[in-house]
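6 protein chains.
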Amino acid sequence: MSGPGPLITPTLERVQTGVEAFDELVMGGLPRGRTTVVGGTPGSGKTVFATQFLAHGIAHDDEAGVFVTFEESPADIEANLSGFGWDLAGWREAGRLAFVDASPNDSDEMVVGDFDLSALLARVLHAVDAVGAKRVVLDSLAQLFDHFIADQTLVRRELFRISSALKQAGLTVLMTAERNSEYGEITRHRFEEFVADSVVILRNVLGRERRRRTIEVLKMRGSRHVEGEAPFTMLAGRGIVAVPLSSLRLEQHSSSKR
Amino acid sequence: MSGPGPLITPTLERVQTGVEAFDELVMGGLPRGRTTVVGGTPGSGKTVFATQFLAHGIAHDDEAGVFVTFEESPADIEANLSGFGWDLAGWREAGRLAFVDASPNDSDEMVVGDFDLSALLARVLHAVDAVGAKRVVLDSLAQLFDHFIADQTLVRRELFRISSALKQAGLTVLMTAERNSEYGEITRHRFEEFVADSVVILRNVLGRERRRRTIEVLKMRGSRHVEGEAPFTMLAGRGIVAVPLSSLRLEQHSSSKR
Amino acid sequence: MSGPGPLITPTLERVQTGVEAFDELVMGGLPRGRTTVVGGTPGSGKTVFATQFLAHGIAHDDEAGVFVTFEESPADIEANLSGFGWDLAGWREAGRLAFVDASPNDSDEMVVGDFDLSALLARVLHAVDAVGAKRVVLDSLAQLFDHFIADQTLVRRELFRISSALKQAGLTVLMTAERNSEYGEITRHRFEEFVADSVVILRNVLGRERRRRTIEVLKMRGSRHVEGEAPFTMLAGRGIVAVPLSSLRLEQHSSSKR
Amino acid sequence: MSGPGPLITPTLERVQTGVEAFDELVMGGLPRGRTTVVGGTPGSGKTVFATQFLAHGIAHDDEAGVFVTFEESPADIEANLSGFGWDLAGWREAGRLAFVDASPNDSDEMVVGDFDLSALLARVLHAVDAVGAKRVVLDSLAQLFDHFIADQTLVRRELFRISSALKQAGLTVLMTAERNSEYGEITRHRFEEFVADSVVILRNVLGRERRRRTIEVLKMRGSRHVEGEAPFTMLAGRGIVAVPLSSLRLEQHSSSKR
Amino acid sequence: MSGPGPLITPTLERVQTGVEAFDELVMGGLPRGRTTVVGGTPGSGKTVFATQFLAHGIAHDDEAGVFVTFEESPADIEANLSGFGWDLAGWREAGRLAFVDASPNDSDEMVVGDFDLSALLARVLHAVDAVGAKRVVLDSLAQLFDHFIADQTLVRRELFRISSALKQAGLTVLMTAERNSEYGEITRHRFEEFVADSVVILRNVLGRERRRRTIEVLKMRGSRHVEGEAPFTMLAGRGIVAVPLSSLRLEQHSSSKR
Amino acid sequence: MSGPGPLITPTLERVQTGVEAFDELVMGGLPRGRTTVVGGTPGSGKTVFATQFLAHGIAHDDEAGVFVTFEESPADIEANLSGFGWDLAGWREAGRLAFVDASPNDSDEMVVGDFDLSALLARVLHAVDAVGAKRVVLDSLAQLFDHFIADQTLVRRELFRISSALKQAGLTVLMTAERNSEYGEITRHRFEEFVADSVVILRNVLGRERRRRTIEVLKMRGSRHVEGEAPFTMLAGRGIVAVPLSSLRLEQHSSSKR
Ligand SMILES: Nc1ncnc2c1ncn2[C@@H]1O[C@H](COP(=O)(O)OP(=O)(O)OP(=O)(O)O)[C@@H](O)[C@H]1O
Ligand SMILES: Nc1ncnc2c1ncn2[C@@H]1O[C@H](COP(=O)(O)OP(=O)(O)OP(=O)(O)O)[C@@H](O)[C@H]1O
Ligand SMILES: Nc1ncnc2c1ncn2[C@@H]1O[C@H](COP(=O)(O)OP(=O)(O)OP(=O)(O)O)[C@@H](O)[C@H]1O
Ligand SMILES: Nc1ncnc2c1ncn2[C@@H]1O[C@H](COP(=O)(O)OP(=O)(O)OP(=O)(O)O)[C@@H](O)[C@H]1O
Ligand SMILES: Nc1ncnc2c1ncn2[C@@H]1O[C@H](COP(=O)(O)OP(=O)(O)OP(=O)(O)O)[C@@H](O)[C@H]1O
Ligand SMILES: Nc1ncnc2c1ncn2[C@@H]1O[C@H](COP(=O)(O)OP(=O)(O)OP(=O)(O)O)[C@@H](O)[C@H]1O
Ligand SMILES: [Mg+2]
Ligand SMILES: [Mg+2]
Ligand SMILES: [Mg+2]
Ligand SMILES: [Mg+2]
Ligand SMILES: [Mg+2]
Ligand SMILES: [Mg+2]
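Chains as they are written, first to last, in the working numbering: chain A, 1 to 258; chain B, 1001 to 1258; chain C, 2001 to 2258; chain D, 3001 to 3258; chain E, 4001 to 4258; chain F, 5001 to 5258.
Do not rely on the hints blindly, as some may be mistaken.
[To be verified] Label-pair ranges, simulated between beta-carbon atoms:
id	chain 1	residue 1	chain 2	residue 2	range
1	A	D62	F	S5181	34 to 44 angstroms
2	D	A3089	E	R4161	41 to 51 angstroms
3	C	D2129	B	E1013	51 to 61 angstroms
4	D	L3154	B	G1095	49 to 59 angstroms
Source of the hints: derived by calculation from the structure; they are not laboratory data.
Cβ atoms here follow ideal geometry from the backbone N, Cα and C, with glycine treated the same way.
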């Protein structure tokens, strides 16, 4: 199109999530330095996916992580996720993982009608510094955003500001988002999926009394990715295990053809 | 994944509900010290399920219980549930069961526009102390929360605070929630199911003029569980009797395989 | 479950409605001293059902009744229901039936923004005393509740208070509720069916240009009941005539089996 | 039920509409002295039906009529309906028909936020006196009621008051109501169909590019009526011509049978 | 019905639209001196239809026209419609067509909260005088009405006033209206289709990746018309070309038959 | 119709988008000097399409461009789009492309409750001058418009003003718009698609676990265009590649035929 430009160059560096078949879907992993939103209904596996992303960074890529939790206490997170074989407590003690507990009863900084995310952001960046983190998880912002249901633009801008600030710090961010239904309308706040650079959707669909879990990359700005839903399961001792798509439907035409 | 971590260790202690086939679905029972939300439409069996959970604790596990009721009077509860063979009145007199009557005409503590759950919480914890309770039922919070329909975050935070306080007291809590339809949108307040550690759904579906009741574990943080709907019935003298799933679809791969 | 408790004991005394096949569905009638909500779309038969309940009490069980009407005048009620063979006027004159006319043009007690049901309650209890009533019909509260559409909790609490007060007076209460569609969302105010002890639904479904009427017991706290829809018709001189279910699907397992 | 009462006695006197097959559906006509709401989508035939009701009264039953119009001018009504063979202008001049023009530009009595229907009611009753009318048509109240969309109870009460006042004057009233869809939710204001004594629905359904018109009696308090939809057409020179139901599904059991 | 009245007399004079097959559907054209609303989704052809109506008047019936535009500039209209072979610019210069540009940046008369259409009406009537117009197009009022979304009655009354004023001036008016979906709910403001004398709907339906355009007369007060959808296409040099219905389903019974 | 007018004359000059098969659909390209809205769900390809439109102008038609970005930073845009072979950074340095960064953290000019687009417009026009741009992309206005969700008319007017101002400057404008679902309701703000001169829709439909991308011209004022959906894919090194419709369903009747 514009002469011999850089073709199929993966301009975006990748961060492995540890969900192997998923990393294949997205050309190696989540884009480094970007924000990925992982949306899903209750129990769809958002927290498991997010933790696996951190655990893989710590255990395999030597990348420390920060887990910002808004409703589950760090102790609960550690207990809940230990079944998957992730030694969160050990890593925390070893200084490779830090928690930021942003749950209501832990801090009173949240003021109705005069909302400011600066204090939260400062705590997150401080934790990042403390462990030298490269990966950050926010699980989930919904609790904050429900505050401002009446002022959508404000929420949108704050969401934008948080991801901008973390992006500028070179961090790869994974934020979870609440979806009220499996298909149909997007997230609770309706625009997270427009604002984010990448969107991954976890589904847990009830059909004929059986549940079926799937993962889908809805979008990934600046990157090819396999499209459509891939089934997955959650295994004790392993976490999320996605099924590699039998047929990768990537149309890889030679770009010089035109 | 992260070396030899604790695999398939059931980190969460279990509390039997007394619904045998259900306890099998959830690896032995509800997680001790956690909050489980039981959602359902009118008459779906929420109160029966919750009472059976208390009754089983008292009669079989020597665990006293507290029943917090928001609209049905304790006397009505006792009368309504006696048909299932549970001697609530006897247990109450024997000091193994306590009621907290939080219905409107019993207390005037509820002030519109200046809502505070502290008084309620104090009464509940006092009752817990009085009988040495290990299990608590709240049936149902909807009446409180309808107050604050306009301030979703406030409700969400209060819901979070109640379960946190009860969790800190080491109690296993079962809260009922109102759902307006069998499938589709989640609970009335839309976020109980995100906030809770575990969510169980009771359905009462009308198909071709016949009703069909099912129970489903929607999520259980930190735990495997059988997925999908299991049929149940309510029998006089027994309570809820679920049908064990013929094929337990639990993929139990050896976790050392990877 | 808890040793040899009282099995299949019908702890709830029953009040016959006069709709024979319906009384069979609910183990003999509506629970005495409780509130039953009868919901339905316009013309579904709510008023006929409610009147039949009163008429049967007066003519067959020697139980006087009070009919609280919110929009139809007592004279209209008497005229409209005479076609079914009920001599409401005669009973009224004989002091076995009393009307409370709570329609707007009859009383100015309804004040926007400062709503109080006490006066209404006083009038109802006075009428109950006057005729020594055992049965009360309120048809329908919707007109009152539309007032407070913005404050759902207030309405819910008032609804709760009315039924509590009448229950304390030992009365068996039947309240009608407006439903906007045959299936799907519950009543107009969305919570009557959660608050009531028993819920009966009258449907009038249009299919292929034909109407089909059915009655269903959605819930009955503390009682077994046949589940699912039973067809009915309205006959001049008789009122509602339900079709007995050919197969009573009541699973009556011996409760000693366990 | 209550001994030998008056069986199948048509307690309600009937007023013929002039739509023959329709009058058969409702045991002879609309109940005299009552309010019937005729609901339908735009162009469904509400005004034609209402006018035919007046025209039949004037031309065949020697009953004068009053037509209260809220948006179409009397001149337009006369022109639009002349195609059906009704000489509205002639009858008006002969003093057998009176128009009340309540359209906005004709009167300034409508004040936002301080609404009072008394003036309108006075004008209607004055017109009734002037021609000695027995039948009144209001086409349609929607324009008034849109005012008060935020205060449903007020509208409901005003609607109740208008019909009460006209009923007390012994008039047979036909009010048209706007419905936004053919099936599903009831009228625009959601409760007209609960308040009215009788409800007739005109439908104009699009199926496979063809329109199909039907008429249905949704309810008629105090009266039997054929249920379900009956097809109709509008013929020049005749008005609405309904198709008599081939099989009158009236279950006329002998009422002495019980 | 009322003796030998004027049967099948086309009491309403007709105005040809220039869409031949459409004029056949409506017994010769739109009713003279009346308001017709043409509703449709974006790009459904509302502006083309409206312009064709004006163009036909000017070129074939020697009736001058006024085009009131609310968002497209007159220059754009002229350019956009020239492809259909209509020399709008030429006619404008020849004094047979006048534009009223009511777009926001052209006039500041629109004041939020204190809305008055009088100035607009004056400009339209002035343009009508200037060219001696018989036909007026308003395309589209939506922009004005969005203002008052909170006060539906106000909009309804203003809509009524505009059409009344133009009707009194003897003009044949065509107003376009925005519909958000092809089938289902009526127009954006929900009542235009009740207020107007005639309603025409343009549809542009997507089925199996193909679009299909249809035109339908939803209602025409005071007139017979063919019912149901007729397919059409838009041809360069011709405008809208509707397909004559193969079978005119007009039931033309002899009206003397009764 | 009006004699020998200019037939099939493409009165609107065309601007190639660089998506070859798409340009064929729209008779050569987007209308010069007009506003085209490109709507789609998250990740549907709005930004890729918009950039390709600019890139093609710069690389093939020697038309400079301005990219106004509201949430993605220019650096991110450059990185994300480089995979398609477009050297945005190079063009920017060569003065053939300018960015206007209107994202929240870049400017504080956005004031809640006192919104004014003048400053933004000035910046855009300044950038246009700086590079001598002929094409402008705004991606996307949603962030601005969410502000004014309560005042739809204001947004509509502002949207109108922006496109008018840019149109008057002779620019060809492409604005992206957010759609919440693939089919069904139009854009988030509900009226962009009515206001714009041309509307293009990008869809990304999930069917049986597979995604399918299509492009459709919903409307193009003043122009013929192929109707219906055309499939497309996004190829590294090329951008959007649409599939030419096998059968161009353009009814090209000779216009002299009539
Ligand atoms: N050890 C385990 N083995 C297998 N499955 C497990 C295990 N632990 C948890 N799960 C599954 O993971 C689910 C919880 O997932 P997770 O907490 O990630 O959901 P979530 O999307 O974060 O939900 P929420 O919105 O409630 O936070 C459980 O409901 C269960 O189905
Ligand atoms: N003795 C009994 N035998 C069999 N079934 C019974 C018995 N008692 C109650 N039931 C069934 O249980 C239902 C009531 O269940 P329950 O009160 O638990 O419902 P719920 O979900 O709490 O409803 P609500 O929202 O109204 O409180 C009754 O409608 C009936 O169908
Ligand atoms: N004598 C009769 N014989 C047969 N059916 C009758 C008779 N009288 C009334 N009906 C039927 O009963 C219906 C009215 O029922 P009813 O007044 O109980 O309805 P409802 O649910 O109270 O309606 P609403 O919400 O309007 O008050 C009539 O529409 C008619 O179908
Ligand atoms: N002379 C006629 N012959 C046949 N059909 C006619 C004749 N006049 C009118 N109609 C039909 O009647 C319809 C108008 O009916 P009517 O005015 O009663 O509807 P409506 O329900 O009152 O509508 P609205 O809500 O718009 O007032 C026309 O659309 C047309 O289909
Ligand atoms: N010269 C032409 N030849 C064929 N079709 C054309 C021509 N010009 C326009 N069209 C068609 O007409 C459509 C535009 O129609 P029109 O402007 O009347 O729609 P509208 O309903 O007024 O839309 P809006 O609500 O956006 O104003 C174009 O999308 C195109 O499909
Ligand atoms: N180099 C590439 N090769 C192939 N496909 C790519 C490439 N880069 C991006 N894509 C595809 O393009 C999508 C992003 O498209 P784009 O950013 O234009 O969407 P958008 O409609 O602007 O979304 P948003 O509303 O989130 O801004 C990615 O999700 C991916 O599917
Ligand atoms: Mg989670
Ligand atoms: Mg209950
Ligand atoms: Mg009734
Ligand atoms: Mg009408
Ligand atoms: Mg248009
Ligand atoms: Mg984008």
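Here is what the structure says about each hint:
no.: 1; hint: A:D62 <-> F:S5181: 34 to 44 angstroms; result: holds, 43 angstroms
no.: 2; hint: D:A3089 <-> E:R4161: 41 to 51 angstroms; result: violated, 25 angstroms
no.: 3; hint: C:D2129 <-> B:E1013: 51 to 61 angstroms; result: holds, 57 angstroms
no.: 4; hint: D:L3154 <-> B:G1095: 49 to 59 angstroms; result: holds, 54 angstroms
This entry does not satisfy hint 2, going by the numbered hints stated previously; all others are met.
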